[in-house]
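Respectively, the protein sequence lines represent chains A and B.
Per my numbering: the first sequence = residues 327 to 524.
Per my numbering: the second sequence = residues 482 to 710.
Possibly wrong hints are sitting among the right ones.
Some but not every residue of chain A turned toward chain B, in silico, with C-beta under 8 Å [stated by the list, open to error]: (1) Val-393; (2) Val-397; (3) Val-402; (4) Gly-406; (5) Gln-470; (6) Val-488.
These aren't lab readings, by the way, just hints derived from the structure by calculation.
Keep in mind that this is a model prediction, so the values were computed, not measured.
We put the CB at the ideal spot given by N, CA and C, even for glycine.
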Amino acid sequence: MSDAPRVGTGHGDGSGRGRGGGGDEQRDLELIARWKAGDERAATELVERHSSALARFAVASGERNDVEELVQDTFVRAFGSIDGFRGESTFRTWLFTIERRLLLDRRRADKRRRDKNELQEDDAATEYDALDSVVADETQARLQQAVKRLSPTQREVFTLRVAEGLSYKEIAKAVGTTEGAARVHYHNAMRVVKEFLG
Amino acid sequence: MMNDCRNAEIRDQLPDLLHDRLTAGERAAVLAHVDDCAECRDELELLRGVHQVLISSTPRVNTLNILSALPKPGESGVVPMIQSRATRSRWADWRIAAAITVIAVGGGSLALLSRSTQSVAVAPVPGVRVTPAPDSQLAPAPVTPLTATREVAQAESVTDVREADLPVDEDTPETGMEGRLNNLSEQQLKALLKDIGQMKAVPITEPDPITIKVDSKASSSTSGDTEML
Chain A
327 MSDAPRVGTG HGDGSGRGRG GGGDEQRDLE LIARWKAGDE RAATELVERH SSALARFAVA
387 SGERNDVEEL VQDTFVRAFG SIDGFRGEST FRTWLFTIER RLLLDRRRAD KRRRDKNELQ
447 EDDAATEYDA LDSVVADETQ ARLQQAVKRL SPTQREVFTL RVAEGLSYKE IAKAVGTTEG
507 AARVHYHNAM RVVKEFLG
Chain B
482 MMNDCRNAEI RDQLPDLLHD RLTAGERAAV LAHVDDCAEC RDELELLRGV HQVLISSTPR
542 VNTLNILSAL PKPGESGVVP MIQSRATRSR WADWRIAAAI TVIAVGGGSL ALLSRSTQSV
602 AVAPVPGVRV TPAPDSQLAP APVTPLTATR EVAQAESVTD VREADLPVDE DTPETGMEGR
662 LNNLSEQQLK ALLKDIGQMK AVPITEPDPI TIKVDSKASS STSGDTEML
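Kindly produce the complete structure, drawing on both the sequences and the hints.
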């Protein structure tokens, strides 16, 4: 066991979970109940717990501009219709569902606007520009390039599985597909990444 | 190229292992397998690397801005209107179009009335009678008996439009009726009303419905106005 690789994310973005993720889900339910009862500080904790994940999902979905505005709109919509959250999925999955719907609405509106105007030069840029960032070393740079090669759906599924640790069932709800399709997308994405890395 | 382990079930659980989402029993089983499988060790290392890249490239969001935009507790249940940029633009267009239509109808009727002060035929906009607002500075319209010097139109219905209700929208974009309706200021409209008030003959019966003829320049932007009356 001494050679076993270190496991567990240890990341500090507030999304660490206990066994099966149940502890986090319970905490979200408690915060929602407290907010409904009038405790506005509960909203602060909920936003802090989930805003980074929503921003990551926005980037994974190809959003280049106004990521913060999209995240804000997602929370506004979620808190405005919090009674619609029945706990059938996790709170974060529910947020992803809302965010994806808002993203699709935004894309439809942008497409209508673009159809009326001439193609702007910056529209020709790749939709993966949002991942362009200074990376610490060459390995990370190659991993970044590998993820960029994924199709939009593969990238969404891959990000939700690897960065957020969502189950295939939760991923299916978030992106509007089936559990089986989510599993296929994930493994296809993994194959693309491995082929690129060689 | 990295090879795939043939144990698909274990491969499926590697991200769960990474996020500590396995039960104690599952975790032990996966770790035992990974210990003996180079492909799974490589894949797990790859997952850790990708996870690191995705986390580090997360754009920062200002949570204070988000919190200030949230509804208050107790305001949930009413889905807030998050107007898309296209929706905001469409509503603005409708408001501008409505304002143009009202100005076109009101100004057109006044313009026609003022031109016909010397002619016999009176052509008010059917269904519209303009009365001065109570606080208007206009002189009150003299009431004289009908001398039958004019033809009057019979309207099917009457809608009282108070002078003060005539919109003056200086931001309304040009409609193609330059020099006529849209450019009439409030003072000019009041002057027109004063002229109307000084007309000798005042119709005492409702005017007949007629069709307002506007010139071709205006027709494209005010088409359908007669139907509105």
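When the hints from earlier in the document are held up against this structure, which numbers fail? Hints that this structure does not satisfy do not exist here, as all of them hold.
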